[in-house]
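Chemist: If you want the building blocks of each chain, they are given just below.
4 protein chains.
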Amino acid sequence: MLQVGINGYGTIGKRVADAVAAQPDMEVCGVSKASPDFGADGAVRRGYTLYSAREDRVSAFRKAGYEVAGTSEDLIAESDIVVDATPGGIGAENRPRYEAAGTPAILQGKESDSLVDTSFNARANFEDAEGAEYVRVVSCNTTGISRLVSPLEEAYGVEKVRATLVRRGGDPDQTGRGPINDILPDPITVPSHHGPDVNTIFPDLSIDTMGLTVPTTLMHMHSLNIELESEPSSEEVRELLAGESRIFVVDDGLAIDGTGKLRELARDRGRPRGDLWENCVWGESINVQDSELYLFQAIHQESDVIPENVDAIRAMTGLAGRDESMAMTNESLGIGL
Amino acid sequence: MLQVGINGYGTIGKRVADAVAAQPDMEVCGVSKASPDFGADGAVRRGYTLYSAREDRVSAFRKAGYEVAGTSEDLIAESDIVVDATPGGIGAENRPRYEAAGTPAILQGKESDSLVDTSFNARANFEDAEGAEYVRVVSCNTTGISRLVSPLEEAYGVEKVRATLVRRGGDPDQTGRGPINDILPDPITVPSHHGPDVNTIFPDLSIDTMGLTVPTTLMHMHSLNIELESEPSSEEVRELLAGESRIFVVDDGLAIDGTGKLRELARDRGRPRGDLWENCVWGESINVQDSELYLFQAIHQESDVIPENVDAIRAMTGLAGRDESMAMTNESLGIGL
Amino acid sequence: MLQVGINGYGTIGKRVADAVAAQPDMEVCGVSKASPDFGADGAVRRGYTLYSAREDRVSAFRKAGYEVAGTSEDLIAESDIVVDATPGGIGAENRPRYEAAGTPAILQGKESDSLVDTSFNARANFEDAEGAEYVRVVSCNTTGISRLVSPLEEAYGVEKVRATLVRRGGDPDQTGRGPINDILPDPITVPSHHGPDVNTIFPDLSIDTMGLTVPTTLMHMHSLNIELESEPSSEEVRELLAGESRIFVVDDGLAIDGTGKLRELARDRGRPRGDLWENCVWGESINVQDSELYLFQAIHQESDVIPENVDAIRAMTGLAGRDESMAMTNESLGIGL
Amino acid sequence: MLQVGINGYGTIGKRVADAVAAQPDMEVCGVSKASPDFGADGAVRRGYTLYSAREDRVSAFRKAGYEVAGTSEDLIAESDIVVDATPGGIGAENRPRYEAAGTPAILQGKESDSLVDTSFNARANFEDAEGAEYVRVVSCNTTGISRLVSPLEEAYGVEKVRATLVRRGGDPDQTGRGPINDILPDPITVPSHHGPDVNTIFPDLSIDTMGLTVPTTLMHMHSLNIELESEPSSEEVRELLAGESRIFVVDDGLAIDGTGKLRELARDRGRPRGDLWENCVWGESINVQDSELYLFQAIHQESDVIPENVDAIRAMTGLAGRDESMAMTNESLGIGL
Ligand SMILES: NC(=O)c1ccc[n+]([C@@H]2O[C@H](COP(=O)([O-])OP(=O)(O)OC[C@H]3O[C@@H](n4cnc5c(N)ncnc54)[C@H](O)[C@@H]3O)[C@@H](O)[C@H]2O)c1
Ligand SMILES: NC(=O)c1ccc[n+]([C@@H]2O[C@H](COP(=O)([O-])OP(=O)(O)OC[C@H]3O[C@@H](n4cnc5c(N)ncnc54)[C@H](O)[C@@H]3O)[C@@H](O)[C@H]2O)c1
Ligand SMILES: NC(=O)c1ccc[n+]([C@@H]2O[C@H](COP(=O)([O-])OP(=O)(O)OC[C@H]3O[C@@H](n4cnc5c(N)ncnc54)[C@H](O)[C@@H]3O)[C@@H](O)[C@H]2O)c1
Ligand SMILES: NC(=O)c1ccc[n+]([C@@H]2O[C@H](COP(=O)([O-])OP(=O)(O)OC[C@H]3O[C@@H](n4cnc5c(N)ncnc54)[C@H](O)[C@@H]3O)[C@@H](O)[C@H]2O)c1
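Protein chains in written order, with this note's numbering: chain W, 1 to 337; chain R, 1 to 337; chain D, 1 to 337; chain Z, 1 to 337.
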């Protein structure tokens, strides 16, 4: 059984841990956290062995009543592979530690592509990660775009993507993040860094992105314009996307008017944490005029990269090929709405 | 097996349905909805028999692909007891229908106390509902206050309650509700109607309440001042409350700074829909000075009344007494954090 | 002196009244309101003669201590021209009244273009309104787009406009509007109705728009992609826009990161009500790649249409031609940042 | 003419500068800022001489096109008195500089009472600041409570104050502040530090405060319970408060339901920056039961301390006594709604 260590047990890390634990071919050998707050409590309750990010915090964990099996260094040593889900920038700091320990590692979207052998999206470039030692699962927004571009590129060819990314200000538990009553061009410069990030997956794609930040916590929203190389009907595109396992085409009859009702649907379906691993594309919004496709999609920032991390583990370790891995991940998590 | 009909399958109704389904001594004989949106889809997926609120909507349900077993009238006829979770005011309209069918019914907090034999909170006045035909489970806020006052009254006597209720503007899926960037005295007049509502449970309690509405969706927050008849220490009160099955005393070490992290804790614990059936009282906030107790508690408006509805069913039908019923409900739902 | 009646004294009406009062060639002969709230108080303090929208409300105004000079019918009769700033849909109802009284009238953006001789934006089609009896000042969003397209069309030719309109949920005093924590595709269908609305000003323009609504109150934000017929440099476009009197190109050095700081700038400049009559285009965001121009602009929904209403009055009544009117309006209000 | 230096030209500093400039007996000799953003632009446009907070930033100001007359040290040397409106904590760092220069100074609410001769509220303890060298104008919340307690104490005697302070998360231009969708007990411990702060003005007052933070930007809201030593009627209290120059009793007929409409009223009245220097007490909320007074008041955090700073200057320098000073400040600013 492949032993997977989770270094950084926050929004992303705790979900990766649960997803790994749900797989038949791997298990969580431990999770590492920086402080003994309610997240630590949650880890223990789920039965994960707890490690302290830093040596000098071990006593704080013990004082708070948590047993810790060691530090992140220890976790790295004991793992066959590590998923690093520490805050942006810490992954880069951790990179030499993985190297020193000879442990392959997956970094997350905020880290630089230059630190890894390849950036990764299961649907788009699983093969590039096969056998790689260091892989970066691209950010929630880039994952969302990649899943959409992949089938469109294959079916029709993509001339150009123009995207406005309306991003949530913070996750539901991130008290300190704003804005409260504002719309921010973020970054102000156009095109934003998101386009080049997509190019780490599709090097030749012509894509321009504009970023905004708004005072919400539930999901990002993408307003998309995609010039295709051929002229499918809106209906054909809708069917193509509905055929993708990690895209949920929202049916008109559901009367879902935004991200609040989408997350409510996930709660109704009994999804763990109310997660929506799939891109949520409003069927009604899909519109092809001449060869230009328009659509809205909502992206659950907390969870869409989770299945990608699981698949990246399989790609790197050779546990399975793309289709088999995606199918196993989908099946075990219950992906598909 | 007691057949429970759920008339009105929205925020409250769908949770009551799931809670009833989880009990060993009752089952959901059907749920009724006004329109065939994603809520209907959820009901069907959970295996509940669907009824249309109105005859003239049956075709709309059928057109949307849903089988309906009849109208609310039919559901009422087939149920041993009905939980009415329709929007405020509709319960009053439905009241004669229950009478005509001879079906006992539970109304929710927005309906008038004058429509029922008794208002209800399991901890405070279970006995009053025993054998009653019409019972009203008090509102989320009144439920939250009742659970707190009950043990305090028993242990120390309560001289007076002064409460500021800072209420969420809407539930997460209520797109149309505001405010967006405002704090509203709601109502402007003081004391608010909430105090008299608490008096439907504790007729002799001296209580003054002030209501505010703010732009959030997660939970209400109560800022409480309670004059006691004796002078327990803060620590004693903390232990008393920690001993209540439907009160969760938030431990300081968890580092939970507000409603966002509370709901995150619920998600971490794998709670269905991330629900928090318990009053959440910050342990650190509990402070007794002379005989005045201060504390903050957060109330999950979508879910705290759910166990109360289940217990009301048992009280009315005689399935069990207070302690047995509360224990069964707690056990089956997993109440207690 | 031209006598201007303001029918509907709310967000738009009160600003139009103040703007008219600031002109040398026209004056406010009265304002009409539906209810005697703090808006009525404001009207009286500014010295405007008050009229009651409906006969049966006159007594309510009197009871509240306000003198009313009559009803909207009376105001219409006494005005040389009326600016109708009633809520969307009421303008259509009022249309026959203006006709009956022989009083020319200006309707606002929510009313249908089919009710008027022409839709109007001063910069783009002042001439079309010259001598017209019924004119519609287009909505805040359409006004914002028209001001931008006009100079671009003249200087470079416009091939196609693609716009994502991220709209504020409500004005600061609209307590009842949401959403609270949501991003809504609004409408879900793409392209939205905004494009055709722009076509009432530029009939031949190719434009696709996508609408979203977010929980803010300060300004709308437009994320724009404009294909030009020639290839100016980013710097040239920036200079072109900076030369427009009703466009404010936000300088990088000001360190303005969103709509909050923009409105703060307006407050710092002593603007009445903190209004921003100008489109606010972030200079740093202006980017031309090949012949595609990208930029972000913020639109103050409460005030950008105000100078347009004043200019429409002059166009309809022949008080002045386009350049003279716009100059007078700009000068008297202090437009230009 | 008294030369007043403003050290720290942000939310509070820019308003103090404008207020000082509006007085007949003092003038602004300069304002100091840390960085050359749009605030610097505003200072220059209003004709204030600009100083750089730090020597090593002078060149940044010059590069951005601003003339600076020197550093904060220079400003302190040239001022007869300085109003320090730097961010919390910097005032304490600046304190020795004022001492070294022999320049009296006013600090703001976030600084410690121990740094000054007295804390200050014009209505409550003007006399304590007469002739003092270092004075602290208490925070926006404490100012709001002091203005209310003062007349109540004089007229009826105050037994005890219990206050829940529902605070705005950030000012409108503070992009980085949250929360977005949360209600935070802040601090979690009860009573909060606000009570002791009020005791710097009323040493013997019995007061307990509870603090909350919510996602709004416009005003704080106080939910108050005040035990009086006698039993006035609600009407008497209303008249008492209406007689206070810095309290605005909101009339029921105005139909003002919250902070959004209050600020709209200020905009309607032509207030600079839409400021509300007065406590805003809802008349309808004033309720005395036995000897307990309840009421809601809204406090405009950006502006209520401004007149207090002006009065503190006069108290310290002997320019005028309490009544004369308050009258001059009120008259020059236009206080009183
Ligand atoms: N939250 C999102 O929306 C989102 C989406 C996609 C990708 N990501 C990326 O995932 C990564 C993690 O983000 P997150 O939102 O989960 O962060 P988070 O702050 O929720 O969690 C970070 C976790 O790392 C722990 N940690 C901090 N320093 C550590 C260290 N030195 N060693 C080990 N653990 C440490 C913290 O205790 C915490 O448990 C980031 O790169 C982020 O960009 C986040
Ligand atoms: N949401 C809360 O926070 C909350 C908390 C406690 C109590 N309550 C009370 O519970 C009741 C229900 O509130 P909710 O929030 O669940 O409302 P909701 O709007 O979420 O759900 C109401 C449901 O009733 C259905 N319905 C409407 N008219 C109907 C009719 N005539 N017959 C049958 N069904 C009909 C709707 O289709 C919907 O499914 C109200 O009395 C409310 O005051 C709500
Ligand atoms: N608020 C904006 O952001 C905005 C921007 C551009 C255009 N508009 C358009 O301007 C128009 C007015 O919008 P608003 O935001 O000013 O609305 P509002 O609700 O703020 O004001 C409407 C006013 O009309 C009065 N009124 C209502 N019925 C009336 C009647 N029958 N006769 C006379 N007066 C009546 C009301 O008392 C109120 O004073 C709408 O068409 C709207 O679409 C609004
Ligand atoms: N904003 C409020 O709601 C509010 C209300 C009452 C009291 N206060 C208090 O007023 C003080 C100022 O708060 P604010 O909101 O105006 O802050 P702010 O951040 O808006 O402004 C602070 C200003 O000080 C300048 N500055 C920073 N460091 C400096 C230094 N070393 N020397 C000189 N200038 C420096 C900054 O450039 C900025 O112009 C704080 O003590 C705060 O607690 C604020």
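Note that these hints are calculated values from the structure, not bench results.
Just so you know, these numbers come straight off a predicted model, no measurement behind them.
Just so you know, not all the hints are guaranteed correct.
[Said to hold, decoys possible] Some chain Z residues near chain R, calculated using beta-carbon distances under 10 Å:
no. : residue
1   : Val58
2   : Phe61
3   : Ala69
4   : Gly70
5   : Thr71
6   : Leu152
7   : Val166
8   : Pro179
9   : Leu205
10  : Met210
11  : Thr217
12  : His220
13  : Leu228
14  : Glu284
15  : Ser285
16  : Ser291
[What the hints assert, rightly or not] Per the computed footprint, the stretches of chain D lying under chain R, defined by three or more beta-carbons under 8 Å from a beta-carbon of chain R, are:
no. : stretch
17  : 211–220
18  : 242–250
For glycine and all other residues, C-beta sits at the position ideal for the given N, C-alpha and C.
Chemist: Now tell me if each hint is right for this structure.
Modeler: Hint-by-hint comparison with the structure:
1. Val58: Where the cut-off is 10 Å and the nearest Cβ of chain R is about 38 Å from valine 58 of chain Z, the hint is violated.
2. Phe61: Constraint on phenylalanine 61 of chain Z not satisfied, violated at 34 Å.
3. Ala69: violated (38 Å)
4. Gly70: violated (40 Å)
5. Thr71: violated (38 Å)
6. Leu152: Not OK, violated: leucine 152 of chain Z not within 10 Å of chain R, min 16 Å.
7. Val166: Given a least distance of 6 Å, the restraint on valine 166 of chain Z holds.
8. Pro179: holds (7 Å)
9. Leu205: For leucine 205 of chain Z, the interface hint is violated, since the closest Cβ of chain R sits about 15 Å away, which is over 10 Å.
10. Met210: holds (5 Å)
11. Thr217: holds (6 Å)
12. His220: holds (8 Å)
13. Leu228: violated (15 Å)
14. Glu284: Since chain R brings a Cβ to about 5 Å from glutamate 284 of chain Z, closer than 10 Å, the hint holds.
15. Ser285: Status holds, d = 5 Å.
16. Ser291: Constraint on serine 291 of chain Z not satisfied, violated at 13 Å.
17. 211–220: With 3 residues in contact (Cβ-Cβ under 8 Å with chain R), the coverage given for the stretch 211–220 of chain D holds.
18. 242–250: Since three or more residues must qualify, the claim that chain R covers the stretch 242–250 of chain D is violated, with 0 doing so at under 8 Å.
Violated hints, in rising order: 1, 2, 3, 4, 5, 6, 9, 13, 16 and 18; the structure is consistent with all others.
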